[in-house]
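Protein chains in written order, with our numbering: chain F, 37 to 400; chain G, 497 to 965.
Don't read these hints as lab results, they were simulated from the structure.
Just to be clear, a hint being listed does not mean it is correct.
Each computed PhoX-like pair below joins lysine-lysine, with the alpha-carbon atoms no more than 20 Å apart [claimed, not checked]:
{"hint": "1", "chain 1": "G", "residue 1": "K940", "chain 2": "G", "residue 2": "K922"}
{"hint": "2", "chain 1": "G", "residue 1": "K733", "chain 2": "G", "residue 2": "K711"}
{"hint": "3", "chain 1": "F", "residue 1": "K109", "chain 2": "F", "residue 2": "K144"}
{"hint": "4", "chain 1": "G", "residue 1": "K711", "chain 2": "F", "residue 2": "K191"}
{"hint": "5", "chain 1": "F", "residue 1": "K66", "chain 2": "F", "residue 2": "K366"}
{"hint": "6", "chain 1": "G", "residue 1": "K576", "chain 2": "G", "residue 2": "K630"}
{"hint": "7", "chain 1": "F", "residue 1": "K104", "chain 2": "F", "residue 2": "K144"}
{"hint": "8", "chain 1": "G", "residue 1": "K922", "chain 2": "F", "residue 2": "K337"}
{"hint": "9", "chain 1": "F", "residue 1": "K287", "chain 2": "G", "residue 2": "K922"}
{"hint": "10", "chain 1": "F", "residue 1": "K233", "chain 2": "G", "residue 2": "K889"}
{"hint": "11", "chain 1": "F", "residue 1": "K191", "chain 2": "F", "residue 2": "K152"}
{"hint": "12", "chain 1": "F", "residue 1": "K188", "chain 2": "F", "residue 2": "K149"}
{"hint": "13", "chain 1": "G", "residue 1": "K922", "chain 2": "F", "residue 2": "K336"}
{"hint": "14", "chain 1": "G", "residue 1": "K647", "chain 2": "G", "residue 2": "K802"}
{"hint": "15", "chain 1": "G", "residue 1": "K711", "chain 2": "G", "residue 2": "K672"}
All figures in this text were calculated on a predicted structure; none of them were measured in a lab.
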Amino acid sequence: MVVPVSNNGISHSHNETKEVLSDLYTVKHKIRVDSTLTSIKISPNGKTFTCCSSDNIIRVYDLVSGQKIASLKGHTKGISDIVYSPINSDIIASCSDDLTIRLWSISKKTCIKILKKHTYHITTIKFTSKGNILISGSADETITIWDITSGKTLKTLAAHSDPVSSLSLTPDSSIIVSSSYDGLMRLFDLESGQCLKTLTYNSTSHGTATASTNDVLNFPISNVEMSPNGKYILSSSLDGLIRLWDYMDNKVLKTYRGIDNRPISEKFNCGTRFITRTSNPLIVSGSESLGLLIWDLQSKKVVYQLQDSQEPVFEVDIYEEGKILVSCSKDGIINVLELNPKFLGITHDVIYRDDTPFTPHDTI
Amino acid sequence: MNLSLQDPFAVAKEYPETLVNTFQYGHSVIIQFNHKGDYLASGLSDGSIIIYDMISNGGVVAHLNEDCHIRPITSLSWSKCGRYLLTSSQDWYVKLWDLSRINGGNDYKDEEKEFGENESDIGKEFSPVIRSIKFDGPIWMASMHPIDHFKFTASLFDDSPVFVDMTDHQNIQITKLQTMSLSEQQELETEDKNEENEEEEEEEANVKRRKRTDKHMTLVSTFNPNDGNYIFTGTSKGWLNIIQTSSLKTVHSIKLTNSNIKNVVISSNGRKLAINSSDRIIRQISLPDLINEQDPENWEFEIDHKYQDMINKLQWNSVAFNHNADFLVASTYGHSSHDLYVWETSIGSLIKILEGSNEELVDVKWDYSRCCIGSTGIDSGSIYIWSIQFPQKWSALAPDFVEIEENIEYEEKEDEFDIINEDTLKRRQEEEEDLLVDVITREKDDARGFDITQPSFIIPINYENQLFI
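Construct the complete structure from the given sequences, taking the supplied hints into account.
What follows is the structure in structure tokens.
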């Protein structure tokens, strides 16, 4: 089940064995679903988590017991992404290849709103922190900003020249970061819809500037994630690397590689998160064949791996800055992990309404 | 965070310049931004209230139309945290709204008990109106205490102003405040003493007293914004009375004019006071240090500037300061004028006339952190929003392009066309990546210098119903 990084595997890479924290997380639940799971999210109140799949079903589970609470059906094609409303854990939004975004009430087990505008597969959605605006990115190369109360689109951003793969928001929800298969990351002002900045990593970024545009190769960017303070962007690209960007400076600060320098993902969009509940910040990502990987943010070394199979892990999500970690994979395995209390650092963000469901605070 | 990527010159602008938006749901008569500046409450002529989200360019978050007023709203007042809203209306009611209870309440429902609400309160079918007080007539305006959302002061039509403590909903305490100036009060006191001795003069004194109180009404009352220790009231005879909140006694009075005081506006930093009166003059007054200088005798109120339109002799409808009282904006009375006037307050010069509406503007408010001005139109009831527009930087779309003012001769860098071998490149990159990165510590201020760490209440959304307005 939990596979610590083997000494053998490490010896070829620059990683040091002593950095490996094999007991960083303990597996609380392992749930198998007979479908490809594309995304997983934990509710803002930490009571449930939800998984969406390519078989058009959204499954909602109780986080503590791991029992299924609800199956939400309505989409007619595979679902690419789901997201909880940040202010109401009963509401989730989902986006699908059937060109619709649906809002669901978990308690009522019904679809309460359908948003339609995109002309091709919708790949990713995000709520702003106030929960009244939904942002969707699509394979039709646009980003749409929706006002949920009126159900209308506020803006459509002609953002990219290839499918939009991922979106992320600054903590104050003022900037949208989008990534696309065209190899660009763009920062948009949510309010005005203006493009504030474009980031790209290509052969000219490091090295000589002699390369003509033909020589410049932009690898598709499959995922972006904003750092908890909103100053850095973690980008995953299909050259198999994850990079940490300082977007104010247009600079790559860190590059993360798979074990033995193997690519993290060259085909699939694998989600990433920042884990800041530990004393040293970590980065977690799904991968194509290496399972779930966790790096030390500063040293860039792999400190933890969880591998069930050779199948890709598509999405990860965290609760309370990483105290709880969930992942879902292509072969239908959901893992719910809890951080080993001995690695707990200080909390930075004390706006949680509830304690972690598994281990109450006073027992730590 | 978006501001740090915008043109710094545009961010540094201190007052809005262009009309950017018009909100048109219902006939708005009064508006008020919350303290964080992300919501705008709009009081309608039908007595209901609309709350706009400023981020989504005027998306409606809520329409408070249950348990609401039935006559036009006369004032709106937000609590600092953004959760409570005090409204007053011509329908004789003042209501306190708990916005966590609107739109179904969402996640906040569970918290309700912790906030010490009474059982009987919750029993009332979860009404968002948690306090409701009926007075004996229409209310000019009600103003919430800046710290305690259960206390407010109100000026009433044809009645004495009041201070109300409604902490206990079963025992709401209403205290009447004096409209008479301090000197008149003292005079009356001495007269009263005299009366005891000379009863024959009683009748005469009564006549005198009646004459004095005749039609002398308090039209506006508001708290000083920092600690709410003083209530500032303006009367129909041009008196500014300052009442201590703890004792509810008048501690200072000044006669500023002979006509009605229509607005008393204190800047949010508590430094400046603007008095708008029907003699067509806005008087800008520097406030003494009310916190450190406790003795009202030592207070001095110096008129810095008088703003008036010499040529057209315009009346001013309403005034508002920006966050640091460097600027003052006023709307003008009359169908011929559709503009807002913005003055710089240190030298008192007119710096901007905001145009764009095609009707008379009534209420005007300044959204501090977003640096925009909102104003209501008298005929259509629309809300006009002036703001700073950021220019689109086209180079933002192409990372390898830079916008330059004029042509420059390009000078090749020494190592520009050097071919660096891959090992060196890799090593250099590794070295560069050795720095510690802090992904946790957040900025405390935004690019305009506003504190962004203060939490502000997020109004629940009704996801299930569509708002049709």
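Right, here's what the structure says about each hint:
{"no.": "1", "hint": "K940(G) to K922(G)", "in the structure": "violated (36 Å)"}
{"no.": "2", "hint": "K733(G) to K711(G)", "in the structure": "holds (9 Å)"}
{"no.": "3", "hint": "K109(F) to K144(F)", "in the structure": "holds (12 Å)"}
{"no.": "4", "hint": "K711(G) to K191(F)", "in the structure": "violated (55 Å)"}
{"no.": "5", "hint": "K66(F) to K366(F)", "in the structure": "holds (14 Å)"}
{"no.": "6", "hint": "K576(G) to K630(G)", "in the structure": "violated (25 Å)"}
{"no.": "7", "hint": "K104(F) to K144(F)", "in the structure": "holds (15 Å)"}
{"no.": "8", "hint": "K922(G) to K337(F)", "in the structure": "holds (17 Å)"}
{"no.": "9", "hint": "K287(F) to K922(G)", "in the structure": "holds (15 Å)"}
{"no.": "10", "hint": "K233(F) to K889(G)", "in the structure": "holds (9 Å)"}
{"no.": "11", "hint": "K191(F) to K152(F)", "in the structure": "holds (14 Å)"}
{"no.": "12", "hint": "K188(F) to K149(F)", "in the structure": "holds (11 Å)"}
{"no.": "13", "hint": "K922(G) to K336(F)", "in the structure": "holds (15 Å)"}
{"no.": "14", "hint": "K647(G) to K802(G)", "in the structure": "violated (33 Å)"}
{"no.": "15", "hint": "K711(G) to K672(G)", "in the structure": "holds (17 Å)"}
Hint compliance for this structure: hints 1, 4, 6 and 14 are broken, all remaining hints hold.
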